[in-house]
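Undergrad: In case you want the letters, here they are:
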Amino acid sequence: QVQLVQSGAEVKKPGASVKVSCKASGYTFSNYYLHWVRQAPGQGLEWMGLINPGGGSPTYAQKFQGRVSMTSDTSTNTVSLDLSSLRSGDTAVYYCARVGIYSKFDLWGQGTLVTVSS
Amino acid sequence: DIEMTQSPSSRSASVGDRVSITCRASQNILIYLNWYQQKPGKAPKLLIYAASTLENGVASRFSGSGSGTDFTLTISDLQPEDLATYYCQQTSTTPHTFGQGTKLEI
Chain Z
1191 QVQLVQSGAE VKKPGASVKV SCKASGYTFS NYYLHWVRQA PGQGLEWMGL
1241 INPGGGSPTY AQKFQGRVSM TSDTSTNTVS LDLSSLRSGD TAVYYCARVG
1291 IYSKFDLWGQ GTLVTVSS
Chain S
1145 DIEMTQSPSS RSASVGDRVS ITCRASQNIL IYLNWYQQKP GKAPKLLIYA
1195 ASTLENGVAS RFSGSGSGTD FTLTISDLQP EDLATYYCQQ TSTTPHTFGQ
1245 GTKLEI
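So the sequences go chain by chain: Z and S. Counting in the working numbering, the first sequence runs from 1191 upward without gaps. Counting in the working numbering, the second sequence runs from 1145 upward without gaps.
Bear in mind the hints are in silico, worked out from the structure with no lab data behind them. The structure displayed is predicted, hence computed values, not measured ones. Hints are not guaranteed to be accurate.
[Unchecked claim] Here are the simulated DSSO-like cross-link-like pairs (lysine-lysine), alpha carbons at most 30 Å apart as the crow flies:
{"no.": "1", "chain 1": "S", "residue 1": "K1186", "chain 2": "Z", "residue 2": "K1213"}
{"no.": "2", "chain 1": "Z", "residue 1": "K1253", "chain 2": "S", "residue 2": "K1247"}
{"no.": "3", "chain 1": "S", "residue 1": "K1183", "chain 2": "Z", "residue 2": "K1294"}
{"no.": "4", "chain 1": "Z", "residue 1": "K1213", "chain 2": "Z", "residue 2": "K1202"}
{"no.": "5", "chain 1": "S", "residue 1": "K1189", "chain 2": "Z", "residue 2": "K1213"}
{"no.": "6", "chain 1": "Z", "residue 1": "K1294", "chain 2": "Z", "residue 2": "K1209"}
{"no.": "7", "chain 1": "S", "residue 1": "K1186", "chain 2": "Z", "residue 2": "K1294"}
{"no.": "8", "chain 1": "S", "residue 1": "K1186", "chain 2": "S", "residue 2": "K1247"}
{"no.": "9", "chain 1": "Z", "residue 1": "K1253", "chain 2": "Z", "residue 2": "K1294"}
{"no.": "10", "chain 1": "Z", "residue 1": "K1213", "chain 2": "Z", "residue 2": "K1294"}
{"no.": "11", "chain 1": "S", "residue 1": "K1186", "chain 2": "Z", "residue 2": "K1203"}
{"no.": "12", "chain 1": "S", "residue 1": "K1186", "chain 2": "Z", "residue 2": "K1209"}
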């Protein structure tokens, strides 16, 4: 079954870091880039960055530069998003999405809620 | 960054209506435009890619058009299950920005 399965919900204090994972199955992991998109409560979608699971440097949105890291592990078909120096504005559902030809985001994870609260 | 502007922000319609949602890019994005449907508590679902190509398995009442800076998503014969928020997204350059969304109420 072709799917992306994300790790569970997290609650973090301001200033802390969070790691969200996204495990791919049912397709050739290295053939598709994976992107991260987040959605704050009641808000729209915000693109965060992308990673090529097969190698190469990730590309991050300028807004997150310096406190975001995206990594890939081909042995477990998993990509991870690390976000540091968390603040309340980072409270959101974080999605991973597979991107194929024509840059279509055709497969999404179920989303991971990250809550930042003191 | 390329700014994507959708209109309207919300729209009320009836079953059987034909509904159009527009998306304008702040610069030329050729046909690098995707449309998504998102229902509450769910991940977005791809409807249209490359401005006008229907994703496999998506109902044929959904269609997309446009190129350059102006794009339209049309839903013909609106169904109750089309209650959702719709987003456009440009994939011409990073960051792959989204429109602010159009909430469709039936």
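Undergrad: The structure should be examined with respect to each hint, and the outcome stated for every one.
TA: Structure-based check of all given hints:
For the hint pairing S/K1186 with Z/K1213, the CA-to-CA distance comes to about 18 Å; that is within 30 Å, so the pair holds. For the proposed pair Z/K1253 and S/K1247, the alpha carbon gap of about 26 Å is at most 30 Å, so the pair holds. For the proposed pair S/K1183 and Z/K1294, the alpha carbon gap of about 19 Å is at most 30 Å, so the pair holds. A distance of roughly 22 Å separates the Cα atoms of Z/K1213 and Z/K1202; the hinted pair therefore holds under the 30 Å criterion.
Taking the CA atoms of S/K1189 and Z/K1213, the gap is about 19 Å. The hint holds against a cut of 30 Å. Restraint check for Z/K1294 and Z/K1209: the C-alpha separation of about 25 Å stays at or below 30 Å, so the hint holds. Only pairs whose Cα atoms come within 30 Å are accepted, and S/K1186 paired with Z/K1294 is accepted, the gap being roughly 18 Å. Among the hinted pairs, S/K1186 with S/K1247 is consistent with the structure: their alpha-carbon atoms are about 14 Å apart, no more than 30 Å.
The straight-line distance between the Cα atoms of Z/K1253 and Z/K1294 is roughly 23 Å, inside the 30 Å bound, and the hint therefore holds. The suggested pairing of Z/K1213 with Z/K1294 holds, with an alpha-carbon distance near 19 Å, which does not exceed 30 Å. Of the supplied pair hints, the one linking S/K1186 and Z/K1203 holds, its CA atoms being roughly 26 Å apart against a limit of 30 Å. The suggested pairing of S/K1186 with Z/K1209 holds, with an alpha-carbon distance near 21 Å, which does not exceed 30 Å.
In the structure shown, no violation is registered for any of the earlier numbered hints.
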